[in-house]
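Please put together the full structure from these sequences, using the hints given.
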Amino acid sequence: MYQGNFHLFLVDQNQKRRATVSYEMSKRGIYIVPFEAVEELASRWPDAGMILIADDNNNIAMLTELMLQMEKWLPFVAFAENPTTSQIVRAVNEGAVGYSDTPTDVDEFCRTVEEARVAIDRIGHIRSRAIKAKKSIESLTRREMEVLEGLAQGLTNRAVAEQLEISHRTVEIHRANLLTKLGDVGINAAIRLLIEARII
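Residue 62 in UniProt numbering sits at position 62 of the sequence shown, and the numbers go up by one each step.
Here are the simulated DSBU-like pairs of lysine-lysine, each with C-alpha atoms no more than 35 Å apart in a straight line:
(1) 135 - 72
(2) 181 - 135
(3) 72 - 27
(4) 134 - 72
(5) 181 - 134
(6) 72 - 132
(7) 16 - 72
(8) 16 - 27
FYI, nobody ran anything at the bench for these hints, they're computed from the structure.
In this text the structure is predicted, and so the values were computed from the model without any measurement.
What follows is the structure, given as structure tokens:
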């Protein structure tokens, strides 16, 4: 089921579990690259595929932060043995496209991974755009953000000026500056970037 350029990358500090999952998947013809820590993955960041990551030791937060820094997103499936409901919800909220509570039951684990793989194209595209948008939006100053948020609410330049208690001319300057920072885009494109940035 995993053909072509699709690869799996396993991140798990638990050596025994990492070895077991890697071995059992290899017996099923699934190629997997094991890593002990997120830091190791950073030095050999893959161009494509899916990450399987143990939901412990703050791994998911470190992974999502790394992807933001690198501006490269890969879909990931989190896993843990006997996770709590809140743990699963938190992982999904942080971007996991799947969650397995039976990583040592490799057949079940494979089913979870396959279900997530099917959703990769759609979700991956959305989150990749969101990460790029977030980086662009973060380049704006506080006042530029306030102006953009006002315009996103449908306010005119004059209404934004009144809301922020600044001059109409100052709003025009901030508007021109933020559009330049976002890549010389129009106001509609800037608003779309703001919306996409809030996906993550």
